[in-house]
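K.L.:
Now for the letters of each chain:
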Amino acid sequence: MLDIFQYDFMQKAFIIGIFIAAITPCIGVIVVLKRLSMIGDSLSHNSLAGVAAGLAFGINPVLGAVIFSIIAAFSIEIIRKSFPKYAEIAIAVIMSTGIGLAGILSGFVKNSSSFNSFLFGSIVAVSSLELLMVIILSLCVIITVILLYKELFYITFDEEAAKLCGIPVKAINFIFTLLTAVTISISARTVGALVVSSLMVLPVACALQIAKSYKQTFIYSIMFSEFSTVSGLFISYYANLKPGGTIVIINVIILICLLIINRLTDLNSRKKFKENMESV
Amino acid sequence: MNVIDVKNLSFGYMDNLILKNITFSVEKGDFLGIIGPNGSGKSTLLKLMLKILTPLSGEIKLLGEDIKSFKDWGSIGYVSQKANSFNTSFPATVEEVVGANLFAKIGLFKIPDKNHHDMILKALQLVGLEDCSKKLIGNLSGGQQQRVFIARALINNPKILFLDEPTVGIDSKSESALYCLLAKLQKELGITIIMVTHDIQDIALHANKLLYLSESGIISYTQNENIKAEFIKQIYGIDLKLDCHNCKNNLKKEGIKC
Ligand SMILES: Nc1ncnc2c1ncn2[C@@H]1O[C@H](COP(=O)(O)OP(=O)(O)OP(=O)(O)O)[C@@H](O)[C@H]1O
Ligand SMILES: [Mg+2]
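For the protein sequence lines, the chains are A and B, in the order given. According to the numbering used here, the first sequence is numbered sequentially starting from 1. According to the numbering used here, the second sequence is numbered sequentially starting from 281.
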């Protein structure tokens, strides 16, 4: 057995990593396709404010993160209604609110190192209680996303038509907003508030380069996400790097490789076209 | 039986009254053409009948039931104006898009089976796109995309089909095929069709009722085949060639059986 798994904290880190890597792209696919990519950043900054509030007033910081992020998610939905075609406005407004609150509330936090651990995450330093919480919440997210797979697809593609064909759009949107907030706040605790958004968006960006259907986009996103998380944990352990950042950078490298491969195959097929035309 | 009853319907956006006191009804198996200039409220009228918009006053009944309590949306098909102005880089296949309208019927938490797959293929055959089922929708041409959305509207075997300018951007062969298909649906299955269009010649030929919306909000309505041409002439000042023989020949030339 690899020596990496001798340590209890690394075992925990892998379990958490695998769960987080499954749920972030599940939410990410829909968020990206709805063109709300920045929602991850917005909510994670609000969960940071929740963490600060928790630490400052002696509430469990993870609980604080979840509550703040849920409030922020629904605020975005409400503001979005006033700017139907400019979802970015709502996201930006709530993001600034989160940053402002986090700034003010962090002033009341006595032990700043615990606050910093939320900024960049502390996947190797989670307690058993938090581990249990991550597993349970992740399972909730995974099961709901699978059960509502086809409804979420239709709402994302064409909300008006989905409503018309009798899908309970409002209820499902409510559930999805809740799931997004939960996913982001528990991921922020473990991999870090500053990298959550990348975990949601990057695997989907990679999948979009090669997918030939919605289903493939979904499956590839999860595969890329799992691959980068597991390899990121290995590399960060052996090279003594920060895990959150390593995972993100691996994702970026995969994306760059895919972009280059796509460009090369494109150039190649153009060349073949030309050769064919000349030989005729 | 009237499948659609609209009584004293009024609607406006903000303080801009678009539809004033409109009353009409549509019988089962009717093909109603809605015509009128840009901005006269044709799309708005469809959206009101589909409960996408809520009337200021008046009453709308679908299949005999007030739309406020109407539940059977599965039996209503709708192709919106510019249905193909969606996000074209959305990674969905033609199959996935067309099948989406089955979801409410399949029910929450259940997955589509072989039977549903056959329904998707059948709907695609109706619009002549069965070979494109695995293609990404964004990679089709605009007219092909429009036909995908028509297939999506047909998949539930609707009792009423609402079409908002479905022939825009479609080549003449596919357009003829579409009218053919609509005639077939109307005659063989008794489907009621409501279609908004600017193509007065074609709609006057195929529809058995016409409804004209004008800027002043007035609505004219004719039920009689014989006065249809007169009606068009009165509104648009053009002579209609209601020569069906000629049109059937054209279809034959294009290789379409009608
Ligand atoms: N969302 C909206 N908000 C405010 N006004 C609107 C809205 N949609 C349409 N209108 C107005 O309502 C009127 C009717 O619009 P509608 O789209 O129903 O016209 P139409 O008859 O379908 O025209 P076209 O032939 O161009 O499709 C127009 O004058 C338009 O300015
Ligand atoms: Mg219109």
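Errors might be hidden in some of the hints.
[What the hints assert, rightly or not] List time: in silico BS3-like cross-link candidates among lysine-lysine, alpha-carbon distance up to 27 Å: (1) A:LYS163 - B:LYS362; (2) A:LYS212 - B:LYS341; (3) B:LYS513 - A:LYS163; (4) B:LYS287 - A:LYS163; (5) A:LYS170 - A:LYS34; (6) B:LYS385 - B:LYS467; (7) A:LYS170 - B:LYS489; (8) A:LYS212 - B:LYS402; (9) B:LYS385 - A:LYS215; (10) B:LYS394 - B:LYS439; (11) B:LYS341 - B:LYS300; (12) B:LYS341 - B:LYS351; (13) B:LYS415 - A:LYS272; (14) B:LYS362 - A:LYS34; (15) B:LYS467 - B:LYS489; (16) A:LYS163 - B:LYS453.
Please keep in mind that the hints were generated in silico from the structure rather than gathered at the bench.
K.L.:
Can you give the numbers of the hints that this structure goes against, from lowest to highest?
P.N.:
Failing hints, ascending: 2, 3, 7 and 16.
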